[in-house]
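Student: The lines below spell out each chain.
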Amino acid sequence: MNRFMDLADFSREEILDLLALAQSLKDHPQPRALAGKILGLVFFNSSLRTLASFQAGMARLGGSSFVITPGQGTWQLETRLNAIMDGAAAEHVREGIPVLASYCDALGVRAFADFKNLQNDLDEKFFKMIDGLCDKPLINMESAMNHPCQALADWRTLDELHVPQHAKFVLSWVYHPKALPLAVPAATLHMAAMRGMEVVVARPEGFALPAEVMAKARAAAATAGGSVTETSDRATAMKGAEVLYAKEWGSPLHYGDAEADARLRAGLNDWCVGERWFTDALPDARLMHCLPVRRNVAVADEVLDGPRAVVRREALNRLVVQMAVLHRLLA
Amino acid sequence: MNRFMDLADFSREEILDLLALAQSLKDHPQPRALAGKILGLVFFNSSLRTLASFQAGMARLGGSSFVITPGQGTWQLETRLNAIMDGAAAEHVREGIPVLASYCDALGVRAFADFKNLQNDLDEKFFKMIDGLCDKPLINMESAMNHPCQALADWRTLDELHVPQHAKFVLSWVYHPKALPLAVPAATLHMAAMRGMEVVVARPEGFALPAEVMAKARAAAATAGGSVTETSDRATAMKGAEVLYAKEWGSPLHYGDAEADARLRAGLNDWCVGERWFTDALPDARLMHCLPVRRNVAVADEVLDGPRAVVRREALNRLVVQMAVLHRLLA
Amino acid sequence: MNRFMDLADFSREEILDLLALAQSLKDHPQPRALAGKILGLVFFNSSLRTLASFQAGMARLGGSSFVITPGQGTWQLETRLNAIMDGAAAEHVREGIPVLASYCDALGVRAFADFKNLQNDLDEKFFKMIDGLCDKPLINMESAMNHPCQALADWRTLDELHVPQHAKFVLSWVYHPKALPLAVPAATLHMAAMRGMEVVVARPEGFALPAEVMAKARAAAATAGGSVTETSDRATAMKGAEVLYAKEWGSPLHYGDAEADARLRAGLNDWCVGERWFTDALPDARLMHCLPVRRNVAVADEVLDGPRAVVRREALNRLVVQMAVLHRLLA
Numbered sequence: 001m002n003r004f005m006d007l008a009d010f011s012r013e014e015i016l017d018l019l020a021l022a023q024s025l026k027d028h029p030q031p032r033a034l035a036g037k038i039l040g041l042v043f044f045n046s047s048l049r050t051l052a053s054f055q056a057g058m059a060r061l062g063g064s065s066f067v068i069t070p071g072q073g074t075w076q077l078e079t080r081l082n083a084i085m086d087g088a089a090a091e092h093v094r095e096g097i098p099v100l101a102s103y104c105d106a107l108g109v110r111a112f113a114d115f116k117n118l119q120n121d122l123d124e125k126f127f128k129m130i131d132g133l134c135d136k137p138l139i140n141m142e143s144a145m146n147h148p149c150q151a152l153a154d155w156r157t158l159d160e161l162h163v164p165q166h167a168k169f170v171l172s173w174v175y176h177p178k179a180l181p182l183a184v185p186a187a188t189l190h191m192a193a194m195r196g197m198e199v200v201v202a203r204p205e206g207f208a209l210p211a212e213v214m215a216k217a218r219a220a221a222a223t224a225g226g227s228v229t230e231t232s233d234r235a236t237a238m239k240g241a242e243v244l245y246a247k248e249w250g251s252p253l254h255y256g257d258a259e260a261d262a263r264l265r266a267g268l269n270d271w272c273v274g275e276r277w278f279t280d281a282l283p284d285a286r287l288m289h290c291l292p293v294r295r296n297v298a299v300a301d302e303v304l305d306g307p308r309a310v311v312r313r314e315a316l317n318r319l320v321v322q323m324a325v326l327h328r329l330l331a
Numbered sequence: 001m002n003r004f005m006d007l008a009d010f011s012r013e014e015i016l017d018l019l020a021l022a023q024s025l026k027d028h029p030q031p032r033a034l035a036g037k038i039l040g041l042v043f044f045n046s047s048l049r050t051l052a053s054f055q056a057g058m059a060r061l062g063g064s065s066f067v068i069t070p071g072q073g074t075w076q077l078e079t080r081l082n083a084i085m086d087g088a089a090a091e092h093v094r095e096g097i098p099v100l101a102s103y104c105d106a107l108g109v110r111a112f113a114d115f116k117n118l119q120n121d122l123d124e125k126f127f128k129m130i131d132g133l134c135d136k137p138l139i140n141m142e143s144a145m146n147h148p149c150q151a152l153a154d155w156r157t158l159d160e161l162h163v164p165q166h167a168k169f170v171l172s173w174v175y176h177p178k179a180l181p182l183a184v185p186a187a188t189l190h191m192a193a194m195r196g197m198e199v200v201v202a203r204p205e206g207f208a209l210p211a212e213v214m215a216k217a218r219a220a221a222a223t224a225g226g227s228v229t230e231t232s233d234r235a236t237a238m239k240g241a242e243v244l245y246a247k248e249w250g251s252p253l254h255y256g257d258a259e260a261d262a263r264l265r266a267g268l269n270d271w272c273v274g275e276r277w278f279t280d281a282l283p284d285a286r287l288m289h290c291l292p293v294r295r296n297v298a299v300a301d302e303v304l305d306g307p308r309a310v311v312r313r314e315a316l317n318r319l320v321v322q323m324a325v326l327h328r329l330l331a
Numbered sequence: 001m002n003r004f005m006d007l008a009d010f011s012r013e014e015i016l017d018l019l020a021l022a023q024s025l026k027d028h029p030q031p032r033a034l035a036g037k038i039l040g041l042v043f044f045n046s047s048l049r050t051l052a053s054f055q056a057g058m059a060r061l062g063g064s065s066f067v068i069t070p071g072q073g074t075w076q077l078e079t080r081l082n083a084i085m086d087g088a089a090a091e092h093v094r095e096g097i098p099v100l101a102s103y104c105d106a107l108g109v110r111a112f113a114d115f116k117n118l119q120n121d122l123d124e125k126f127f128k129m130i131d132g133l134c135d136k137p138l139i140n141m142e143s144a145m146n147h148p149c150q151a152l153a154d155w156r157t158l159d160e161l162h163v164p165q166h167a168k169f170v171l172s173w174v175y176h177p178k179a180l181p182l183a184v185p186a187a188t189l190h191m192a193a194m195r196g197m198e199v200v201v202a203r204p205e206g207f208a209l210p211a212e213v214m215a216k217a218r219a220a221a222a223t224a225g226g227s228v229t230e231t232s233d234r235a236t237a238m239k240g241a242e243v244l245y246a247k248e249w250g251s252p253l254h255y256g257d258a259e260a261d262a263r264l265r266a267g268l269n270d271w272c273v274g275e276r277w278f279t280d281a282l283p284d285a286r287l288m289h290c291l292p293v294r295r296n297v298a299v300a301d302e303v304l305d306g307p308r309a310v311v312r313r314e315a316l317n318r319l320v321v322q323m324a325v326l327h328r329l330l331a
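So the sequence lines, in the order shown, correspond to chains A, B and C.
By the numbering used here, the letter at position 3 of the first sequence is numbered 3, and the numbering carries on one by one without gaps.
By the numbering used here, the letter at position 248 of the second sequence is numbered 248, and the numbering carries on one by one without gaps.
By the numbering used here, the letter at position 136 of the third sequence is numbered 136, and the numbering carries on one by one without gaps.
These aren't lab readings, by the way, just hints derived from the structure by calculation.
The C-beta atom is built at its ideal place from N, Cα and C for all residues, glycine as well.
There's no promise every hint is true.
Said to hold, decoys possible - With a straight-line Cα cutoff of 25 Å, these simulated DSS-like cross-link-like pairs (lysine-lysine) come out:
1) B:Lys26 / C:Lys136
2) C:Lys128 / C:Lys116
3) C:Lys26 / A:Lys136
4) B:Lys136 / A:Lys26
Stated by the list, open to error - From the structure, some residues in chain B lie toward chain A, with a derived Cβ separation under 7 Å:
5) Gly36
6) Ile38
7) Phe66
8) Ile68
9) Gly73
10) Ile84
11) Met85
12) Asp86
13) Ala90
14) Glu91
15) His92
16) Tyr103
Said to hold, decoys possible - Per the computed footprint, the stretches of chain B lying under chain C, defined by three or more beta-carbons under 8 Å from a beta-carbon of chain C, are:
17) 46 to 57
18) 281 to 293
19) 297 to 305
20) 310 to 324
Extracted from the complex, chain A is given alone in its bound form:
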């Protein structure tokens, strides 16, 4: 294994294997497994969990890590091919990434959507460039349309909670003051489908996920014996739900157009998860969210502070599954 870019690159059995390795490393720590190994971490975007959990994960396996944050302590990096670099960026990723890769044994890169051209982001244009520039094992720490570490952690969380394979899993749009990327909803949708769940995407009109994203999830569901549907009728979606996965995202119809998106989301702030959402859900239905979450905007205190919320467990599982990924890539 040389890349951890997308759960779709692996078979279901390979994912189950990775999850088993995660459990094994938890039960039987291997504090010297990555002794002498170095992980380079490049953050084109801010981070809390990802930074801390990767550094902690390497340390728990006996390795070490360094962090590069373009724009903070390191100059900005140019990403456009053939650019005439007379602006703010002092270095091109065509130099920066191979150089950093040459200093370490594996590289993790976070680079959110460019949010200008939907097709470019769907094609993971930037991350494919990174991929081509890195001759070391590479980890996607969130790209334009993916967040495989989060997806794997969430899969483990569902397993830990004994959520049945075919249970009803509602991925619901929730309110946020501005448009956010599609990486987590796309990755979550695909993960739940690949796990074999009855997945329903609930979102207001205008916030349907791109057809490509839906099709990829449907293909995964078909293989795993699950299903993927979508609706703007939140109440119906929640009927019999075992899991509500809340996530904020921008309208694909107005991709990169902040004003048009803002007009579309104005008035949708009742899409803030409250206890009332769970009226017709299963009694012990869970609330999942990848974090960070805006309290009382995306999810109300009453839910985050109540027994349904498993968001801290999801976050802890980031560490647990990433250690398995690091072990697989480097041990």
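Following the hints, complete the assembly by docking chains B and C onto the known chain A.
Tutor: Quick look at chains B and C alone, frame taken from chain A:
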């Protein structure tokens, strides 16, 4: 030991024990004592000594650490309970702190005074929230009203310099262009009182420390056989002094009111420590300061560059005593 | 060895010894050589390679490191002697540097030219102050007029490429939107001269390097049996060249005067390295650059992406030679 929040949480004997452990770790290094252990460091405010000494201390004991700096590489964290999070902060400490705690074996947090409501800061409202959110050992790396790592380092410095237990210790207000928090003066005052010293607080009119702070120090002095008095007469305070501890702080009378504080401190810039301050002090009287110090504003070059100044030794002792704290919490 | 400040502080034999140690550590890794050792890294200026390669190098030798970045997570540090510190800087390097040095076993410092007074920068006024404040081994991670880590890495790169000792080495000025410091051109010129090469400095009128810099290189060339000349005739310079080392720098005639420098460089953007530059060079002539490089401004894509460019190898050699420096200072 699961918390290092305030010297007042410990008996005099426990503090002496910690200081003995610090000396022992200096004399007999234990380079693998914390092998495999991870310290998480969260800085809501800037740092030089604290960051470097905690990372170095963990490394010297064989452990490792990660650093999170909300607002720099990590988004801002909301701290208000029940906030409707539609502003700049993307995540609440109610998620952030437990998640980071779950990645490490001990957490250090720096969070200066909110500087809005004096009673809230005296009550350590924010740090108590952090305390309640962290199920791992927790270290106060400076809070609204405390800085126990600095206080412990200063205690050790006094011992190293063979300053007698009951010697005269003057904590003096010194000039700074703007109001600074009360954490270090409060912690220093309490430390010197707990050590049993004859403590005099010298400060201009309007800069008396809060009654609660004085009362806490007086209680400690009573137990240790020392005393605590205060005066605005600097010359009298310095008579027979063995130690001058210089510190900048804001007026508790105008807490959170920068303009009123500025009017009060205008004209007080002769409160910059010079050699003339020591005319009636003991011949070898020392100058202490927690750093950072503004040269020729709070303390003149002639003192900082002369034999009285022991500020670098205090700073080195941060490392020495924090290693004892880490050892006690984690070994 | 207690300082790594300037290749000129060492004899040719000592440099060859260091390079041999670098090769030896590559062939026979010593993953525990610096176990328990701590490197402090202080960046007054931004970094990518230097930060990552020093942290990785320490880790590969079993040691660890911490990073302090004044202005980012740490307050600004005052550098002027006798300053009345009532401005933005909260701490003086006279406290900051000795304190940080006391926490670690060796200190690396990056501090670019002040770019106000040429003679002060030529005298390395600031770095000499740092030198005087640091009682631990000290590494120059780029100063006003030097970059010995880069120079040593480039020497190794020339050796690896079997570039003959006396081959023609052209250091050419290339375009950049604004004036950059003289550290790398000065260090590169001296390195190539010390290696014994036939060095030609090609630069437009007004961009001649300071006489002191040229004289120092000529002295090194004399000892090593090489030569140093300069010209504004790029085509002649390139005749028979085996290596083109491209570098951007500001006009010493208008040092610290951004506007006058800008007028001088206006119209010089044909000083962007393209394949046409190599018409009369040796067939396999190489393109070197310390990075970061602005593509299509300083060097064209066609060269950076072609077989001449060895910039990534130079960057990797930063790690390789710095491990030798760290080993020599700390093992």
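Student: Look at each hint and say if it fits the structure.
Tutor: So, going through the hints one by one against the coordinates:
Taken as a hint, the Lys26 of chain B and Lys136 of chain C pair is honoured in the structure, with Cα atoms around 18 Å apart against an allowance of 25 Å. Using a Cα cut-off of 25 Å, the hinted pair Lys128 of chain C and Lys116 of chain C holds, with the two alpha carbons roughly 17 Å apart. For a cut-off of 25 Å, the pair hint linking Lys26 of chain C to Lys136 of chain A stands: about 18 Å separates their Cα positions. With a C-alpha separation of about 18 Å, the suggested pairing of Lys136 of chain B with Lys26 of chain A holds against the 25 Å cut-off.
Among the interface hints, the one on Gly36 of chain B holds; its C-beta lies about 5 Å from the nearest C-beta in chain A, closer than the 7 Å criterion. About 5 Å separates the beta-carbon of Ile38 of chain B from the nearest beta-carbon of chain A, less than 7 Å, and the hint is met. Contact between Phe66 of chain B and chain A, as hinted, is supported at the beta carbon level, the nearest pair being about 4 Å apart and thus within 7 Å. Restraint check, Ile68 of chain B versus chain A: the minimum CB separation of about 6 Å is within 7 Å; hint holds.
The criterion of a C-beta within 7 Å of any C-beta in chain A is met by Gly73 of chain B, whose closest approach is roughly 5 Å, and the hint holds. Of the supplied interface hints, the one on Ile84 of chain B holds, with its beta-carbon coming within about 4 Å of a beta-carbon of chain A, less than 7 Å. Because the closest C-beta pair between Met85 of chain B and chain A is about 4 Å apart, less than 7 Å, the hint holds. Contact between Asp86 of chain B and chain A, as hinted, is supported at the beta carbon level, the nearest pair being about 5 Å apart and thus within 7 Å.
About 5 Å separates the beta-carbon of Ala90 of chain B from the nearest beta-carbon of chain A, less than 7 Å, and the hint is met. Interface restraint check for Glu91 of chain B: the shortest CB-CB distance to chain A comes to about 3 Å, inside 7 Å, so the restraint holds. The interface hint given for His92 of chain B holds, since its Cβ lies 5 Å from the closest Cβ of chain A, which is under the 7 Å cut-off. Annotation: interface hint on Tyr103 of chain B holds; nearest CB of chain A at approximately 4 Å, less than 7 Å.
Check result for the region 46 to 57 of chain B against chain C: holds, 9 residues qualifying (beta carbon to beta carbon below 8 Å, three or more required). Under a criterion of three residues with beta carbons nearer than 8 Å to beta carbons of chain C, the stated coverage of the region 281 to 293 of chain B is upheld, 3 such residues being counted. With 4 residues having a beta carbon nearer than 8 Å to a beta carbon of chain C, the region 297 to 305 of chain B meets the requirement of three or more and the stated coverage holds. Against chain C, the region 310 to 324 of chain B contributes 5 residues with a C-beta closer than 8 Å to a partner C-beta. That satisfies the three-residue criterion, and the hint holds.
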